[in-house]
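Can you build the whole structure from these sequences, using the hints too?
Protein chains: 2
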Amino acid sequence: MNVNKRVRRTPAESKSLILETAAKRLAELGLHGLNISGVAKAAGMSHATVIHHFGSTSAMREALLQQMTNALLSDVISALREDVSPDQILGRLFSMLSQDGHGRLLAWLALDHQDIDVLPAKSNTSELFKSIIQAIPNSSDTQGDAKLQVLLVATAAMGLSICGGALSDLIGLSDEEFAEFPKWLARHLRSFA
Amino acid sequence: MNVNKRVRRTPAESKSLILETAAKRLAELGLHGLNISGVAKAAGMSHATVIHHFGSTSAMREALLQQMTNALLSDVISALREDVSPDQILGRLFSMLSQDGHGRLLAWLALDHQDIDVLPAKSNTSELFKSIIQAIPNSSDTQGDAKLQVLLVATAAMGLSICGGALSDLIGLSDEEFAEFPKWLARHLRSFA
DNA sequence: ATACTTATCAACATGAATGTCAATAAGAGG
DNA sequence: CCTCTTATTGACATTCATGTTGATAAGTAT
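Note that the protein sequences, when read in sequence, are chains A and B.
Note that our numbering numbers the first sequence so that position 8 is 8, with each residue one more than the last.
Note that our numbering numbers the second sequence so that position 67 is 260, with each residue one more than the last.
Quick caveat, the hints were computed from the structure, so don't treat them as lab data.
Careful, some of the hints might be misleading.
Stated by the list, open to error - Keeping only pairs whose Cα atoms sit at most 20 Å apart, straight-line, the calculated SDA-like set for lysine to any residue is: (1) 130(A) x 239(B); (2) 15(A) x 66(A); (3) 5(A) x 32(A); (4) 130(A) x 202(B).
What the hints assert, rightly or not - Restraint-style ranges between C-beta atoms, simulated for each label pair: (5) 319(B) x 28(A): 24 to 32 Å; (6) 99(A) x 237(B): 40 to 48 Å; (7) 134(A) x 292(B): 26 to 34 Å; (8) 210(B) x 5(A): 54 to 62 Å; (9) 175(A) x 251(B): 45 to 53 Å; (10) 206(B) x 66(A): 46 to 54 Å; (11) 231(B) x 48(A): 25 to 33 Å; (12) 288(B) x 175(A): 27 to 35 Å.
As the list claims (entries may be wrong) - Interface residues of chain B toward chain A, partial, derived using beta-carbon atoms under 8 Å: (13) 244; (14) 275; (15) 361; (16) 374; (17) 377; (18) 378.
Just so it is clear, CB atoms sit at the ideal spot from N, CA and C, and this is done for glycine as well.
So, in structure tokens, the structure goes:
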């Protein structure tokens, strides 16, 4: 039949192809999609190749999280540099966290190895939150409020990305009401300050 | 050495022993602890016995969730019947969800088989939410607000039970500030109405 | 062309988790 | 004491994911 033709990529090409595929599978298949064999198959290579580039499965997943938080960080930072009004920042963060499986991936990592130190991209994420907190309108005596607001937004976004649909069903929200949730939350957060 | 002595329990005893052990392991070891072999070992029986009683691993986990949501439901219902003031109800729900791994178990179930229909205890949970929504003070034109508040509390509690500690670190909250979070949220929710 | 580096892959080894099955024994009821 | 039900178990089979290794070939440099 076909002679075995090998595609030989540069390491950078391979890595980005793999991570791209992994991200796609995360979005489509959920966290099940983030195993070596599946990703490799979807990327059109053998799983040994993936291990060759990343060293291990968990390293691959951490690289993916790294990449995703980097993207998130730069998104938020550019938003902060633009003329986005400060009271919209939390809304932005919220939607960014609940989209693209960011929240799900974070949650999965936290759930899987609950021995937390594994949380990678720590410095990045920390920087991200600092930027946001500084950008939130603070009255001087509600110093801590900004942090609590961020915590609320982060936890809610995470919970939403995991269980949002199911919870909405259980609570009895219509699709329209459910879709309004981020705006509703943003409105109330604005009134916090 | 020792003659093989078998303990013969009634099916009810076995089941409750297994679920008890599973709950303990969920709290101590996280979701990793919820595998057949581990639970069986910790309960002092062979894993075949566990399968004999529950039929499968996932059935055991669903039974555990069933039990936990039942406990949660009766807790909340008794709280509703007592003289708990309505504006404390969300706080109660919040703490109940973020304790004992309720949130983590729910999240794990949702993450694992994201094919949602597996969500068991649907009727129970649904009833739970209905009771709570009815108990929330509603102005007539903020009919939907109660539901959104519940959604906020549920998602935040879930996110908190998964990532709370890590997020708090990343955001830079002190332990005291972090501990204040539920009260802080409850205070603001009260002002929603 | 030749040699060298290394990305790629098939095959194998390993280990964990789940589930099945037939044999055993504990207890209940006759 | 005998019988019958069934909770319990060890051993086996299966599946799946991860990781290893030696061989192969694609591309680069000399």
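We went through each hint and held it up to the structure:
1. 130(A) x 239(B): The given pair, whose Cα atoms are some 50 Å apart, is violated under the 20 Å limit.
2. 15(A) x 66(A): holds, 13 Å
3. 5(A) x 32(A): Status violated; Cα separation ~30 Å.
4. 130(A) x 202(B): Violated, because 56 Å separates the two Cα atoms, which is more than 20 Å.
5. 319(B) x 28(A): 24 to 32 Å: With a Cβ separation near 29 Å, residue 319(B) and residue 28(A) satisfy 24 to 32 Å, so the hint holds.
6. 99(A) x 237(B): 40 to 48 Å: Given range 40 to 48 Å: holds, Cβ gap about 46 Å.
7. 134(A) x 292(B): 26 to 34 Å: With Cβ atoms ~33 Å apart, the hint holds.
8. 210(B) x 5(A): 54 to 62 Å: holds, 59 Å
9. 175(A) x 251(B): 45 to 53 Å: Violated: the Cβ-Cβ distance is about 29 Å, outside 45 to 53 Å.
10. 206(B) x 66(A): 46 to 54 Å: holds, 49 Å
11. 231(B) x 48(A): 25 to 33 Å: At 31 Å between Cβs, range holds.
12. 288(B) x 175(A): 27 to 35 Å: Cβ of residue 288(B) to Cβ of residue 175(A): about 30 Å, so the range 27 to 35 Å holds.
13. 244: violated, 23 Å
14. 275: violated, 23 Å
15. 361: Given a least distance of 7 Å, the restraint on residue 361(B) holds.
16. 374: At 6 Å from the nearest chain A Cβ, residue 374(B) passes the 8 Å test, so the hint holds.
17. 377: Status holds, d = 5 Å.
18. 378: holds, 6 Å
Consistency with the previously given hints fails for numbers 1, 3, 4, 9, 13, 14, ordered from lowest to highest.
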